[in-house]
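**Q** Listed here are the chains, written in short residue letters.
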Amino acid sequence: DAKTTQPTSMDCAEGRAANLPCNHSTISGNEYVYWYRQIHSQGPQYIIHGLKNNETNEMASLIITEDRKSSTLILPHATLRDTAVYYCIASNAGGTSYGKLTFGQGTILTVHP
Amino acid sequence: DAGVTQSPTHLIKTRGQQVTLRCSPKSGHDTVSWYQQALGQGPQFIFQYYEEEERQRGNFPDRFSGHQFPNYSSELNVNALLLGDSALYLCASSSLSSGNTIYFGEGSWLTVV
Numbered sequence: 001d002a003k004t005t006q007p008t009s010m011d012c013a014e015g016r017a018a019n020l021p022c023n024h025s026t027i028s029g030n031e032y033v034y035w036y037r038q039i040h041s042q043g044p045q046y047i048i049h050g051l052k053n054n055e056t057n058e059m060a061s062l063i064i065t066e067d068r069k070s071s072t073l074i075l076p077h078a079t080l081r082d083t084a085v086y087y088c089i090a091s092n093a094g095g096t097s098y099g100k101l102t103f104g105q106g107t108i109l110t111v112h113p
Numbered sequence: 114d115a116g117v118t119q120s121p122t123h124l125i126k127t128r129g130q131q132v133t134l135r136c137s138p139k140s141g142h143d144t145v146s147w148y149q150q151a152l153g154q155g156p157q158f159i160f161q162y163y164e165e166e167e168r169q170r171g172n173f174p175d176r177f178s179g180h181q182f183p184n185y186s187s188e189l190n191v192n193a194l195l196l197g198d199s200a201l202y203l204c205a206s207s208s209l210s211s212g213n214t215i216y217f218g219e220g221s222w223l224t225v226v
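Line by line, the protein sequences are chains A and B.
Each residue of the first sequence is one higher than the last, beginning at 1 in the numbering used here.
Each residue of the second sequence is one higher than the last, beginning at 114 in the numbering used here.
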């Protein structure tokens with residue numbers, strides 16, 4: 001799996017958009033970008049994933065650059081409950097390493113009142 | 114529709130003992146992966162089961178073993194427990210035939226004393 005690089009921590013004001021960047025410059029053509037978050041002592045929660053097109057669901061939007069070397073997770077209106085560790089992962093969704101996610105240290109997002 | 118369920122949620126074992134953790138995948142999922150998450154670290158891939166066979170394995174010793182049953186549920190066994198095995202053990206389920214989203218359970222907290 002391609003290595004991903006994320007800032008160690010970020011702050012965001014409640015109600016504002018939180019934009020979490022991720023660098024994956026060595027991503028291969030068949031690797032998806034996955035985002036998960038983990039609130040203390042709970043299992044990782046799936047947020048969104050994409051291959052090359054931008055994706056949106058009820059939780060967030062994922063913007064992937066055209067060269068696929070970086071992406072941004074957008075939480076449009078952050079709440080205090082969005083405070084968590086956010087993990088960006090590049091993974092081959094259908095190949096021999098299917099289902100194996102390589103987690104880094106993630107970004108600690110703190111949402112302030 | 115129940116998500117990924119794990120049991121027990123917490124347990125304490127003595128060094129040298131053996132432990133069995135259990136996982137029921139999300140309905141419709143046939144692939145189960147296990148992860149270990151030490152305090153302050155991201156989850157680390159242990160192994161994956163598909164069609165009752167171990168398909169992939171991370172860098173973990175043979176003391177870690179598993180099993181998958183015909184109903185796709187899975188067990189993680191750890192023998193000769195060490196203090197360093199204290200961690201959150203996470204189960205993740207997925208299925209290539211129903212998309213490539215991977216869902217995690219809430220985990221089993223293991224403390225070795």
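These are calculated hints, taken from the structure and not from any lab test.
Quick caveat: nothing in here was measured; it's all calculated off a predicted structure.
Here a beta-carbon is modelled for each residue, glycine too, at the ideal position from N, C-alpha and C.
Check before you lean on any hint, since a few could be wrong.
Stated by the list, open to error - A few chain B residues that face chain A, going by a derived Cβ cut-off under 8 Å, partial list only:
#1 S140
#2 G141
#3 T144
#4 L152
#5 F158
#6 Q161
#7 Q169
#8 P174
#9 F177
#10 L203
#11 S207
#12 T214
#13 G218
**Q** Double-check Q161(B) for me: the hint is only fine if its C-beta lies closer than 8 Å to a C-beta in chain A.
**A** holds, 5 Å
**Q** Identify whether the interface hint at T214(B) stands, where standing means a beta carbon of chain A within less than 8 Å of its own.
**A** holds, 6 Å
**Q** Holds or violated: is the Cβ of S140(B) closer than 8 Å to a Cβ in chain A?
**A** This interface hint is violated because 16 Å lies over the 8 Å limit.
**Q** Verify the interface restraint on G218(B): the C-beta must sit less than 8 Å from at least one C-beta of chain A.
**A** At 5 Å from the nearest chain A Cβ, G218(B) passes the 8 Å test, so the hint holds.
**Q** Return the status of the interface hint for L152(B): holds when the least beta-carbon distance to chain A is below 8 Å, violated otherwise.
**A** This interface hint is violated because 10 Å lies over the 8 Å limit.
**Q** Taking 8 Å as the limit, does the beta-carbon of T144(B) come near enough to a beta-carbon in chain A?
**A** T144(B) check passes; min Cβ-Cβ to chain A is 5 Å, inside 8 Å.
**Q** Was the hint right that Q169(B) lines chain A, CB cutoff 8 Å?
**A** holds, 6 Å
**Q** Does L203(B) hold up as a contact with chain A if the rule is Cβ-Cβ below 8 Å?
**A** Constraint on L203(B) satisfied, holds at 6 Å.
**Q** Would you check whether P174(B) satisfies its interface hint, that is, whether its CB is within less than 8 Å of any CB in chain A?
**A** violated, 18 Å
**Q** Given S207(B) as an interface hint, is its Cβ closer than 8 Å to any Cβ of chain A?
**A** For S207(B), the interface hint holds, since the closest Cβ of chain A sits about 5 Å away, which is under 8 Å.
**Q** Next item in the hint list is F177(B). Is there a CB on chain A closer than 8 Å to its CB?
**A** Violated, because the Cβ-Cβ distance from F177(B) to chain A comes to roughly 15 Å (cut-off 8 Å).
**Q** Would you check whether G141(B) satisfies its interface hint, that is, whether its CB is within less than 8 Å of any CB in chain A?
**A** violated, 15 Å
Checked against the numbered hints given earlier, this structure breaks hints 1, 2, 4, 8 and 9; the rest are met.
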